[in-house]
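Given the coordinates of chain A, assemble chains B, C and D onto it according to the supplied hints.
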Amino acid sequence: VGQRTPRAGSTNPARGNVCSLRSLTVSLEKHLMGPNTAVINNCRGSCAFPMLNTNNHAVLLNSHIESGNVEERAPCCVPVAYEALEVVDLNEHGTYLSIKPDVVARECGCR
Amino acid sequence: VGQRTPRAGSTNPARGNVCSLRSLTVSLEKHLMGPNTAVINNCRGSCAFPMLNTNNHAVLLNSHIESGNVEERAPCCVPVAYEALEVVDLNEHGTYLSIKPDVVARECGCR
Amino acid sequence: SLKKRQCVYHVNSKANTEQNHKYTTAGNVSGSVQECENTYCCVGYFLVSDGRTVVDLLACDVAEKSCPDATCRTQPRFNSSVKCVCNTDLCNGNITWTH
Amino acid sequence: SLKKRQCVYHVNSKANTEQNHKYTTAGNVSGSVQECENTYCCVGYFLVSDGRTVVDLLACDVAEKSCPDATCRTQPRFNSSVKCVCNTDLCNGNITWTH
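Residue numbers (the numbering used here), protein chains in the order written: chain A, -2 to 108; chain B, -2 to 108; chain C, 3 to 101; chain D, 3 to 101.
Don't read these hints as lab results, they were simulated from the structure.
Note that the coordinates shown come from a computational prediction; the quantities given were computed from them, not determined experimentally.
Do not take every clue at face value.
[To be verified] Distance condition first, Cα-Cα at most 27 Å in a straight line; then the derived BS3-like pairs of lysine-lysine:
id, chain 1, residue 1, chain 2, residue 2
1, C, Lys6, C, Lys24
2, B, Lys27, D, Lys24
3, A, Lys97, C, Lys24
4, A, Lys27, C, Lys67
5, D, Lys5, D, Lys24
6, B, Lys97, D, Lys67
7, D, Lys24, D, Lys6
8, D, Lys67, B, Lys27
9, B, Lys97, B, Lys27
10, A, Lys27, A, Lys97
11, D, Lys24, B, Lys97
12, C, Lys67, A, Lys97
13, D, Lys6, D, Lys67
14, C, Lys5, C, Lys24
15, D, Lys67, D, Lys5
16, C, Lys67, C, Lys24
17, D, Lys24, D, Lys67
18, C, Lys6, C, Lys67
19, A, Lys27, C, Lys24
20, C, Lys67, C, Lys5
So that you can see chain A by itself, here it is in the shape it has in the complex (with noise of 0.2 Å):
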């Protein structure tokens, strides 16, 4: 209590390019009738040991590779929890509202 948590798109040079949550807005106009714009987020940074919020399977891949087979997919910042968005969409009777789940990306991880 009392600690401040870190924010999406705060620069903490501690973290330095550690795999983590990036504030990323995008345009929705090609997508939904509204809104024109949302902060949905993206995972960004690096993948190497020691990696953070990881699993057991991507610490046997890193592991793997940095064994020399440099040919496989390393593990990847990918978002491991979501936030739905409540848009307008639209449908042949007119516009109506929706939930759409796993658009806001809220937790980062290596995998």
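For chains B, C and D alone, coordinates are given in the frame of chain A:
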């Protein structure tokens, strides 16, 4: 019913280079008492349009990048479902069996 | 307390009831005026077919969240619809059509 | 039915009971011999400390799954332990020590 389900590592020419599960065997010798190796699989392949097994965030992210924002992290082909593996681990009292979660990739997706 | 935003209110009877309900609860409606509980944005959605434009919804905003303009200037969407969003009292009753 | 694999059985009393239970249910035990229900592999795990090697577990395999060798040749792990896996009757009672 009656249809063959795709297997990890199978070569399906129609699949091409689309993001999918591939067989991968790694050594566990540096990590565990046993087993010596395990088939943990890996996810590899393209996450360009049309993306398979994706979600709303990845669709919007891909659309944003294709609109010219090429510096953003693009959707990545990663495991989205895992299986556990029973292993032999070691502590100060000796060996013991342990179920390790999220060791074997079972399904891939673009995230 | 701050004065609440007032928007013109009109729902297309063909729209689904869930939507109507959500917009109804966005603020008290009396006649054709709605007083917004949680937004200072008014919205207008319109459907275009066979060259005719009909009102689909006029109300307090629920999903747009952002409304930099004082007047309701139309923005086309998908060839079959038009929207506008604005931030002054009853602004969604006086549409500025842009082509 | 196929003849079941027989392995030498010995559990270290210091090992946790959960582990003992799982290896016990891997096959009927009579005396120091276990008849494996679901594997043709025998295993041996040994602990090394102060230059002494003590048996940690001899039993039918549960987690190894693979046992290409007929004899139980030791493989070191983490400087403090040794394992062997083999695929013939009672093979885990006759360890081939490799250095």
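Provide an ascending list of the numbers of those earlier hints which the structure does not satisfy.
-> Violated hints: none at all, because every hint is consistent with the structure.
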